[in-house]
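Enquirer: Listed below are the residues making up each chain.
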Amino acid sequence: MHIAVCIKQILDPEISPRAFKIDPVRKAADPGTASLVIGPFDLNALEVAIQLKERHGGQVTALTLGSDKAKEALRRALAMGADQAVLIDETQVSAKEPSVTARVLAAAIRKLDPVDLVLTGRQSGEWDFGQVGALLAEELGMPFVPFVPRLDVAGNGLRLEREADGGVVVVEAPRPCVASVTNANDNVPRLPKVKDIMMANRKPITVYGPGELGLGAAEVGDEANRLEVLDLFIPEVKSECEFIEGEDGAEKGANLARKLVERKVI
Amino acid sequence: MHETPTREIFWNIRHIWLTYALLVPMVVAFALGVWNHVRRWRAGKPIERTDNWQERLRGFFVDAVGQDQLRSGDQQAGLFHILLSWGFVILFIGTTVVFIQADLRIPIMHGWFYLIFQSLILDVFGLGAIVGLAVALYRRYVAKVPRLTHGLWQDGFLLASMLIILITGFLVEGLRIVATSDPWGSWSPVGLATGRALAALGIREYGTQLAVHRFLWWFHMLVSYVFVGYIPFSKMMHLFTSPASIFTRNLQPKGRLEPLDVENTEVLGVKTLRDFDWKDLLDLDACTECGRCQAVCPAYAVGKPLNPKMLILDMRRQLTEEIGGVPWAKRELEPRPIIGTSIEPETLWSCTTCHACVTACPVEIEHVAKIVDLRRFQVMEEAELPETAQAAVQGIEDRGHPFRGAQASRRDWYADLPYVRELAQVGQAEYLFWVGCAVAFNERAQKIARAMAKIMHTAHLDFAVLGDEETCTGDPARRIGNEYLYEMMARQNIETLNNYGVKKIVTTCPHCFNTIKNEYPDFGGNYKVIHHSQLIRDLLAEGRLPLEPGKLQELEKVTYHDPCYLGRYNDEYDAPRAVVDALGVERVEMARSRQKGFCCGAGGGRYWMDDEPGKRINVERAREVATSGAQAVCTACPFCMLMMEDGLRTVATEQGTTERPVATRDLAELVAEALAEAAGAREGEAGAALGA
Ligand SMILES: Cc1cc2nc3c(=O)[nH]c(=O)nc-3n(C[C@H](O)[C@H](O)[C@H](O)COP(=O)(O)OP(=O)(O)OC[C@H]3O[C@@H](n4cnc5c(N)ncnc54)[C@H](O)[C@@H]3O)c2cc1C
Ligand code: SF4
Ligand code: SF4
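Protein sequence lines correspond, in order, to chains C and P. Using my numbering, read the first sequence as starting at 1 and increasing by one per residue. Using my numbering, read the second sequence as starting at 1001 and increasing by one per residue.
Hints are supplied without guarantee of correctness; some may be wrong.
[Stated by the list, open to error] Computed, partial: chain P to chain C, Cβ under 7 Å:
(1) Leu1260
(2) Ala1383
(3) Arg1399
What the hints contain is simulated information worked out from the structure, not anything from laboratory work. The model shown is predicted, which means the values in this text are computed figures rather than measured ones. A virtual CB, placed ideally from N, CA and C, is assigned to each residue, including glycine.
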């Protein structure tokens, strides 16, 4: 069984809100000193893939479209238990919308050994489009199952759970297929062992440029992007703090209730 | 009557050859037993512990012979241990003198030497040993001292044997004195009194005296032989292992953990007993089961599943199971992982690395290094650690600090302090102010940095900070057991520091202080590292900090809480106290202070781990703070400060109020508050200098 997992290196979502800034020219987050991490749901996807490999054998390939720094993300994937890592160099790629990302990833996946399953995170940790998985399935001509916390082999196909509002939908899908993974108690990403981290540092990382994937400017250049970000800003949140006066608890309570009614909160 | 004072050896004893015949099994048993211990230690890995023998010998004389450490901990117990051990040593020398006279035929047992040493001193020390034994028995079986509740059966057997040896010794001596009407008898006062007492009890007949004497003489000798032969198989072996452990003790700075060559080591950390070095295994055998470590352990005190004494003894038992306690034991049982076999993971993770146990141990056993070695294996090879600790380590790796969800950035605390400059701007400065993650990211602790900056500014010091170029020193990762990450952080920081040519580093965090001072040299970082308490003490002494008397008026009494990593780790107890004393407040000491200071509960990565309610070390300490009579507790560590703030809140709740009974202030905050207005207003920045 061969599982491809798409992981994206993103700005640390835990950066303090006060340190978070937006570059108004690029209309993108200003990296500042924030570190780069793997998107949280992508880690869940990796964990699901590695667990599946542990149960049924096979191999896991981690791939990312990113800069040279994204090799760090791939190293972590290798340390967690991925067998191969593929970096698609983003310097010649303008992936401002998920369709371009999906196109590039699909081209890379076609270059791999035949896959049985492609996993993505439910949504990337920063732009939160939540589209790459579906678009990737479209590109690859495979069925797509979103929001999957867990899955397993069932006969020749796969049995996947999909989280739905207030319940779970269980589906069967043929191999190969694409699924986007959501977080659950049983797919908390594992902490790699130091031995594995060191081993990962010695493993090779395959690097492709778009040319090697047969993609030209028409497919991945600026003209391939149809969406344009017009504005990006941090919403201003105003908060006021008012102390409720009163001699004792009862009076304070009454005053609070009056104010809430005055402001039509209740 | 003899002309020169002496006595006839083996008077009344025939078949002396029997004593030599019995000597053989005794010596064989003893030698086999000792050899077995050596065999156990040789299962460990090599380590250099015989270098610098002058210093080792000095420690040997002070702590093994003089038992200095023993006395400094529990004075009463230490004193009686001296009586007992020195009693036996002197009596052993006395026996050796007899051997020299009888077998080597060197006539030394006469004259003043005979009277003063062989008679009087031996008698006095023998009596002292009896007193020591009596107290040891009393403390175990009557007073039931809590730290001595382990191995009572073996203790009873050993103490009783020694008592029998001593008493029969005096009986034998007394009978000889009265039977021979020894003219020098009064030089052996205890013996003489015993003899007279026996006579008074009816043993008056010469013949009876001879018979009883002969019986007791053989009895005394037999018990002594059996006892000596049994030494290596019992805890009495500490007679040899303790001095050996003291001699081969760690001479490195106490706060330094041994680096680990992560790239080239087969097993990272310690999995089985064989992954320890031989000194670690010697430690297991050297433990005297005295329980001093147990008595001072904060984790044990609040009921966590950790007892440093049992940690050592449980591993000793495993060593016995695997290698054998006797030389003919079936040897070389398959080595088993220590965690899960003799130590539970919860035990391992309960330790705050406060070093109280190591400091209290009279025989230089290194608990903390072993705990960290075991953690290293759990973390690096097994990836098994509490989730909360994992999150902290992950934070260090991902964003250079262990505080998940921190709202601030490293530059926030000085955003409005124009006199705090970054090295990137100024290029160089005499002092680098190393802020540390706790101080930079915690809003309460940021006030420490602001206060310290104000102090340095007031004293016209040329200082700068690293700002965003600072990252975690790696200390929490190292104490949690992730040596790999620690080394990465250390190397990265050292590169930054060396690039700026930093020479002097000031920090308010004892954890940063300890690791930069004692551990960074192993990775090529050599700086003069100064704790802020030391810098402030010096600035005050030089008159560079004008204080305004009476500014701290509402604080009549202040108590000082020793941070483990400043006190026990780096022996700095006086600088912070000198500063408090200079502030015009009365300093009151808590019962547990200085070397015996009680941990706040934050060290060793515990700050980030969950505490079961009711088993919180900081609350235990806060209760002590609350009863100290002080209006404020002065800390000198941001972690201690946060732990005290938190613990005192719990104490307030316990007392049914919302107001903490005692305020918590870092040393720098107190000094900044006490600075004279004019000084603080230098360049009109007083208001900005101390935020609140
Ligand atoms: C932790 C978190 C919590 C959130 N909580 C809430 C909430 O409580 N309420 C709320 O309203 N919203 C929340 N959101 C945001 C919200 O859900 C989104 O706005 C959204 O629905 C969609 O995601 P996506 O399009 O970014 O994914 P995409 O960008 O389409 O990415 C999906 C997946 O495709 C793959 N991928 C993408 N780019 C690459 C690449 N370059 N290389 C390799 N693989 C790639 C990755 O596997 C990725 O996970 C949260 C978001 C996050 C991250
Ligand atoms: S270091 Fe402190 S917490 Fe750890 S075992 Fe020793 S005394 Fe207990
Ligand atoms: S480890 Fe040291 S302090 Fe603890 S019981 Fe043993 S000898 Fe005593």
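Enquirer: Are the hints correct? Go through all of them and say.
Expert: Against the structure, the hints come out as follows:
1. Leu1260: violated (10 Å)
2. Ala1383: Holds, because the Cβ-Cβ distance from P/Ala1383 to chain C comes to roughly 4 Å (cut-off 7 Å).
3. Arg1399: holds (5 Å)
Of the hints listed earlier, the one the structure fails to meet is number 1.
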